[in-house]
Amino acid sequence: MSGVWIYADKYEQGLELLTAGRGLADMLGMKLTALVSGDINRAQDFITRGADEVLLLPPLAENQPVQDYVPIMADEARDADPDVFLIAASLKGKEMAARIAARLDTALCSESSLMNIDDNGKLRMERLMYGGAAIQTVSISSRPQMATIPPRSYEAAQIQSDRQGSIKTLTLPEPSGMQVMERKGKDQASGDIITARIIVCAGRGIENQEDLAMVRELAEILGGEVACTRPISEEKHWMTEESCIGLSAKEVKPALYLGIGVSGQIQHVVGIREAGIICAVNSDENAPIFESADYGITGDLYQIIPALIEEFKK
Amino acid sequence: MPNIVCCFKWVVDEAYIKPSSSGKIDLEWAEYKLSDYDRNAIEEAVQLQERYGGNVTAVTVASSDATKGIKDALSRGPEKAYFINDDQFENLEPSQTSAILAKVIGNQIDYDLIICGEGSSDMYSQQVGPRLAEKLGIPCIAFVNQLSIEDKRIIAERKTDDGVEVISASLPVLVTVLPDINSPRVPGLKDTLAASKKPVIEIDLEDLGVEYERLLIDEGLRAASLERNCTQFGDGPEDIKAFAEAIRKTGVIDRG
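Residue numbers (my numbering), protein chains in the order written: chain H, 1381 to 1694; chain P, 2 to 257.
One or more of the hints may lead you astray.
What the hints assert, rightly or not - Below, computed lysine-lysine pairings styled on DSS-like, alpha-carbon distance capped at 30 Å:
#1 H:K1548 to H:K1502
#2 P:K25 to H:K1633
#3 H:K1693 to P:K242
Unchecked claim - Heads up, incomplete: computed chain H residues facing chain P, CB under 10 Å, no partners named:
#4 Q1447
#5 A1482
#6 D1485
#7 T1517
#8 S1519
#9 G1557
#10 R1577
#11 I1578
#12 E1621
#13 I1646
#14 Q1647
#15 I1658
#16 D1680
#17 F1692
Claimed, not checked - Just so you have them, the derived chain H footprint on chain P, three or more residues with Cβ under 8 Å:
#18 91-99
#19 136-148
Just so you know, these hints were derived from the structure itself, not from any lab.
Note that CB positions come from ideal geometry on N, CA and C, so glycine has one too.
Throw the hints in and build the complete structure from the sequences for me.
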């Protein structure tokens, strides 16, 4: 058997993987199979957007974690023996991918940023390592070749007319004994930095928690969101990790990023590498952030920020 | 009283990684460190021991020159370490590391709870913990930011993309922990001295008796360039004005 498989625990990321998977399946001349949780309408939706086959995962009990799908997904993959298996790199997806790979005794490329197909029809993938300082190219010698794909790496697949496909409903997985006792949503007080067009980011150069007000004011005038570096959320706990930018936190793609007292540790800079314009205010002219910035001011942020607020008010 | 195992990795400190002019990565002058997230894993194991009793064992798979890492880990509180080391164990990929850990932990160590960091600070593949759980056939709870033990069950709060989930599972369990679960202690001189007296069980490839093939093939490594051409401004009033003007001219601000 051959084929390209995809799975995402979230609908939107499923549509992105349809685009990624359809592209690979066409290049390899293979069938695209989507693992989808939900009902028959959802399965049909995936077919009209590019899947040739849907393996429908029946709904779980309320207190069952989505990870309970791991055994049946691995069993199905072992039987069908696909060439490629892509999973969306959500937090749940990353864990599920590693566990499925372990069950299938195959390798997994975590958070693949680029995928090519070589002359032998094998994937060559790129991923970041050393906190983003290096790019590693990998291939996989076992089957299936597995990878997790970061969110928003591909456009969502659109509805096409006249697409046909098959739907197979899988059996309900046995409860794993792991129980979800409670689910709590995110604190919605702060805006989402992932979709923000403008981000003003507070770094270690901010001396007191009260001074964040100044950063917020600047963000507000610019019509943007406030984010922070790891020391601000993790060591000082002035902001939540929801606002933290970095390779192991959130990677953002704003049109404008303005770093205030951000030194520019590599893990942070990697998280803003796809920003349109990067600006930085820092007192240290040798701060690494300036190497990755388009515009920079060296000086005391406690003078510069109030002046910038006045300037942007005009 | 729980038998707690924490896994750690001795890694290149990425702060020392500087791309050479050729775009290659030069590791000759690199320093090594205990992987950042594994410090949280060890700290959590030790804190749980302080609350519930039991014992803490630290385990690593490494090449034989990682002895400094063993000392570093033991200075943070575990009472003994398994040092699975061989010159063949350099640059292992996650399927190999987890298979080796599973072989040793499964056969030689009594465990109720295994704690791993969410990922390593060099590769950050975030695979070894979940893979190890599968190889041992025990439940896995990843990305945990709060942990407690009640009547042989683990209660873990884990982060998801939508918020958090509180999970309950009966021991034995493997968890991977996030950096915000605790603040790792900084070992003092006394801790370092005490560490050198703690037992270390060494296991090499021959003792292990099985080799795990590399499945993730390294096809090359190059420096990532994040450099941009920075226009620098001073801090005078005119400079600040010019800086703001430069940003405005890019057209990214909606109102001007």
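Hints and how they fare:
The straight-line distance between the Cα atoms of K1548 (chain H) and K1502 (chain H) is roughly 28 Å, inside the 30 Å bound, and the hint therefore holds. Only pairs whose Cα atoms come within 30 Å are accepted, and K25 (chain P) paired with K1633 (chain H) is accepted, the gap being roughly 27 Å. A C-alpha spacing of about 12 Å is found between K1693 (chain H) and K242 (chain P), which places the hinted pair at or below 30 Å, so the restraint holds. The interface hint given for Q1447 (chain H) holds, since its Cβ lies 8 Å from the closest Cβ of chain P, which is under the 10 Å cut-off.
Because the smallest distance between the Cβ of A1482 (chain H) and any Cβ of chain P comes to about 4 Å, under 10 Å, the interface hint for this residue holds. Nearest Cβ of chain P to the Cβ of D1485 (chain H): about 7 Å, under the 10 Å cut. The hint holds. With its C-beta approaching chain P no nearer than about 4 Å, T1517 (chain H) sits inside the 10 Å limit, and its interface hint holds. The interface hint given for S1519 (chain H) holds, since its Cβ lies 5 Å from the closest Cβ of chain P, which is under the 10 Å cut-off.
Hint status for G1557 (chain H) relative to chain P: holds, with the closest Cβ pair at about 6 Å, below 10 Å. Taking 10 Å as the C-beta cut-off, the interface hint given for R1577 (chain H) holds, the closest approach to chain P being about 7 Å. Against a cut-off of 10 Å between C-beta atoms, the interface hint on I1578 (chain H) holds, since the closest Cβ of chain P lies about 7 Å away. Interface hint at E1621 (chain H): satisfied, since its Cβ lies 6 Å from the closest Cβ of chain P, which is below the 10 Å cut-off.
Because the smallest distance between the Cβ of I1646 (chain H) and any Cβ of chain P comes to about 6 Å, under 10 Å, the interface hint for this residue holds. A hinted interface residue such as Q1647 (chain H) counts as satisfied when its beta carbon comes closer than 10 Å to some beta carbon of chain P; here the least separation is about 8 Å, so the hint holds. Evaluation of the I1658 (chain H) hint against chain P yields a held restraint, the C-beta minimum of about 6 Å falling below 10 Å. Checking D1680 (chain H) against chain P: minimum C-beta separation of about 7 Å stays under 10 Å; hint holds.
The restraint placing F1692 (chain H) at the interface with chain P holds, with a minimum CB-CB distance near 6 Å, inside the 10 Å limit. Counting residues of the stretch 91-99 of chain P whose beta carbon lies closer than 8 Å to any beta carbon of chain H gives 4, which meets the minimum of three for the stated coverage. With a cut-off of 8 Å between beta carbons, the stretch 136-148 of chain P has 6 residues touching chain H; three or more are needed, and the interface restraint holds.
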